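**Student:** The residues making up each chain are set out below.
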Amino acid sequence: MRIFLEQMLNGLTIGSFYALIALGYSMVYGVMKLINFAHGDLFTLGSYLGFTLLVWGNAYVTSHVGLAGGMIAAMLIAAIGIGTAGIIVERIAYRPIYPAGRLPAVVSALGVSIFLENIIMVLWGPRYQAYPVNVVPTLRFEIGGIHITLLQIVILIFSFILLAILYYIVQKTTFGAAIRASALDRDTAALMGININTIIFFVFALGPALGGTAGVMVGMYYRQISFTMGWNYGLKAFTATILGGIGNIPGAMVGGLLLGIFEMLGSAYISTAYKDVFVFLILILVLIFRPRGLLGEKVAEKV
Amino acid sequence: MKSLLKIEDLQIFYGSIEALKGISLEVNAGEIVTVLGANGAGKSTLLKAISGLLPLRKGKIKLQEEELNNVPAFEIVRKGISHVPEGRKVFTTLTVEENLNLGAYIQRKDIKVVSEAKDRVFNLFPILKSRCNQLAGTLSGGEQQMLAMGRGLMNTPRVLLLDEPSLGLAPLLVRQIFQIIREINDQGVSILLVEQNARKALSIANRGYILETGNISISGLASDLKSNQKVQEAYLGGAAFKKKNRV
Numbered sequence: 000m001r002i003f004l005e006q007m008l009n010g011l012t013i014g015s016f017y018a019l020i021a022l023g024y025s026m027v028y029g030v031m032k033l034i035n036f037a038h039g040d041l042f043t044l045g046s047y048l049g050f051t052l053l054v055w056g057n058a059y060v061t062s063h064v065g066l067a068g069g070m071i072a073a074m075l076i077a078a079i080g081i082g083t084a085g086i087i088v089e090r091i092a093y094r095p096i097y098p099a100g101r102l103p104a105v106v107s108a109l110g111v112s113i114f115l116e117n118i119i120m121v122l123w124g125p126r127y128q129a130y131p132v133n134v135v136p137t138l139r140f141e142i143g144g145i146h147i148t149l150l151q152i153v154i155l156i157f158s159f160i161l162l163a164i165l166y167y168i169v170q171k172t173t174f175g176a177a178i179r180a181s182a183l184d185r186d187t188a189a190l191m192g193i194n195i196n197t198i199i200f201f202v203f204a205l206g207p208a209l210g211g212t213a214g215v216m217v218g219m220y221y222r223q224i225s226f227t228m229g230w231n232y233g234l235k236a237f238t239a240t241i242l243g244g245i246g247n248i249p250g251a252m253v254g255g256l257l258l259g260i261f262e263m264l265g266s267a268y269i270s271t272a273y274k275d276v277f278v279f280l281i282l283i284l285v286l287i288f289r290p291r292g293l294l295g296e297k298v299a300e301k302v
Numbered sequence: 000m001k002s003l004l005k006i007e008d009l010q011i012f013y014g015s016i017e018a019l020k021g022i023s024l025e026v027n028a029g030e031i032v033t034v035l036g037a038n039g040a041g042k043s044t045l046l047k048a049i050s051g052l053l054p055l056r057k058g059k060i061k062l063q064e065e066e067l068n069n070v071p072a073f074e075i076v077r078k079g080i081s082h083v084p085e086g087r088k089v090f091t092t093l094t095v096e097e098n099l100n101l102g103a104y105i106q107r108k109d110i111k112v113v114s115e116a117k118d119r120v121f122n123l124f125p126i127l128k129s130r131c132n133q134l135a136g137t138l139s140g141g142e143q144q145m146l147a148m149g150r151g152l153m154n155t156p157r158v159l160l161l162d163e164p165s166l167g168l169a170p171l172l173v174r175q176i177f178q179i180i181r182e183i184n185d186q187g188v189s190i191l192l193v194e195q196n197a198r199k200a201l202s203i204a205n206r207g208y209i210l211e212t213g214n215i216s217i218s219g220l221a222s223d224l225k226s227n228q229k230v231q232e233a234y235l236g237g238a239a240f241k242k243k244n245r246v
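Going down the list, the protein sequences come from chains A and B. Its first residue numbered 0, the first sequence is counted upward by one per residue in numbering that gives the first Met the number 0. Its first residue numbered 0, the second sequence is counted upward by one per residue in numbering that gives the first Met the number 0.
Source of the hints: derived by calculation from the structure; they are not laboratory data. Some hints could be false.
[Stated by the list, open to error] Quick list of in silico lysine to any residue cross-link-like pairs, SDA-like style, CA-CA up to 20 Å:
hint, chain 1, residue 1, chain 2, residue 2
1, B, LYS128, A, THR173
2, B, LYS88, A, ASN194
3, A, LYS171, B, LEU134
4, A, LYS171, B, VAL70
5, B, LYS88, A, ILE195
6, A, LYS171, B, GLY136
7, B, LYS78, B, VAL113
8, B, LYS78, A, ILE195
9, B, LYS57, B, ASN68
10, B, LYS111, A, THR172
11, A, LYS171, A, PHE201
12, A, LYS32, A, VAL105
13, B, LYS78, A, ASN194
14, B, LYS88, B, GLY140
15, A, LYS171, B, THR92
16, B, LYS78, B, LEU134
17, B, LYS88, A, GLY175
18, B, LYS59, B, VAL70
19, B, LYS78, A, ASP186
Note that this is a predicted model, so its numbers are computed, not measured.
Make a model of the complete structure from these sequences and hints.
**Tutor:** What follows is the structure, encoded as structure tokens:
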């Protein structure tokens, strides 16, 4: 039981990474019907941006705002930086290609992915980089026999706050309804006075911003980052998106968390060597038995 | 009478196919004007052109003195033209209330205006109030039509464009919908109504235009059109076809 609960906790932690990254895939797919294959690499870029800030700024920032302030600053700057990068990618690589159709845009996305990966390698080098150890003090608590680190608590709190904010915006505000409406039917959304360019701007800023923040959290959690990690996280987050129902925002959150839990339980009870197998097994099962995902499309259109 | 919406020599192409071949029409303040025609005559094209969803090849669209030719669709609503599209096009996975809120998207920051508009819509369509939290896709066809119209009214338009509101509805509902159109008009909203149900449309309209493959063939007062022999034969099912063609 103790092992089970601890693995659940670990699963929730990495699941919250997947959920944050998955949101970017899902929002962009919902509105653009485009799978943004560059999203995983934007996540990596966020991780490296946070790394640089924490390493360079460590002495300066922490002496002014303390450890916590330094960490928040790194996440915030990564979010803003990657949000901006997302908008630039959309302008340069996708917008000119939309008229040619969906497939060319996907190819362009793959191109951006390769480009970003290589840029990161050139700028930061091909070797693994190590996040500083002291970002969050290495404290460990024991609650009812379950071990939890301060770092885990911090990550869980931050990511759940972000997920809650996004959930609120998308599901509870009229602007959020406008995003979902644009995903359903652009022309009719325009008749409501919704400017699709505002919506596109928003999803391409916010999705990558969340991914970039997740990048910093992953760096703090695993302490080790590499320029190729975007592929693995991107693929898993994409699986989470499919699991929850692509284009569905709460779906991406639930899918991400579930996937993290599956992965951890699988590696705890069966074998760590197979942890990626569980993830992709789930992808295959979902595609076979419930292709619209767990929370995908509740009703059909009536004529 | 003062003309509110004026269309001059409007030409629309889909690729190389000419859908509207230079038509002119106008809607005066306070009027219900109907555009009748068979499938493919260009009725929906006309409304889509007015609301900015289709680019014009030639011609002019004016709201009072303001030209709307190159105004994008999302700006047209702000000018006071609201379009209720063919086939209702409610946002099926959003709730009824969210659909209505989106109708007032351009005024979304003014909560009071939005809730007043919603009250007006609920007065007109009480059924929507009881379905507020339901997903729009779970509504019946008639309820979806009411929602689409209510959504169109949320931004208190000057002109309401209605595209086949009776499409696919049971006769009893059709009667109800047309009654409500008249009520909306009584509240001071001018209406451009595109219909296939010519009899019903002419019974509530002030004036009408007959659209035939991209051209306006006949126009005039609704009462004149009703007694026009050509119109009777082609759109009202004439005397000889009366039984057979009436739906």
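**Student:** Against the 20 Å threshold, does the CA-CA distance of A/LYS171 and B/THR92 hold or violate the hint?
**Tutor:** holds, 14 Å
**Student:** Does A/THR173 lie within 20 Å of B/LYS128 when you go C-alpha to C-alpha?
**Tutor:** holds, 18 Å
**Student:** Regarding the pair B/LYS111 and A/THR172, is the alpha-carbon distance no greater than 20 Å?
**Tutor:** holds, 15 Å
**Student:** Between the alpha carbons of A/LYS171 and B/LEU134, is the straight-line distance 20 Å or under?
**Tutor:** It holds: about 14 Å lies between the C-alpha atoms, which stays within 20 Å.
**Student:** Between A/LYS171 and B/GLY136, is the straight-line Cα distance small enough, at 20 Å or below?
**Tutor:** Given pair A/LYS171, B/GLY136 holds - Cα atoms ~19 Å apart, limit 20 Å.
**Student:** Against the 20 Å threshold, does the CA-CA distance of B/LYS57 and B/ASN68 hold or violate the hint?
**Tutor:** Distance of about 9 Å is within 20 Å: holds.
**Student:** If you draw a straight line from the CA of B/LYS78 to the CA of A/ILE195, is it 20 Å or shorter?
**Tutor:** Holds, at roughly 18 Å.
**Student:** Do the alpha carbons of B/LYS88 and A/GLY175 lie within 20 Å of each other, as the hint requires?
**Tutor:** holds, 18 Å
**Student:** Verify the proposed pairing of B/LYS78 with B/LEU134, using a straight-line Cα cut of 20 Å.
**Tutor:** violated, 29 Å
**Student:** For the pair we were handed, B/LYS88 and A/ASN194, check the Cα-Cα distance against 20 Å.
**Tutor:** It holds: about 18 Å lies between the C-alpha atoms, which stays within 20 Å.
**Student:** Under the criterion that the straight-line Cα-Cα distance not exceed 20 Å, is the pair B/LYS88, A/ILE195 satisfied?
**Tutor:** Holds, because 17 Å separates the two Cα atoms, which is no more than 20 Å.
**Student:** Just to be careful, I want the Cα atoms of B/LYS78 and A/ASP186 compared with a cutoff of 20 Å; is the pair within it?
**Tutor:** Status holds; Cα separation ~17 Å.
When held up to the earlier numbered hints, the structure conflicts with 4, 16 and fits the remainder.
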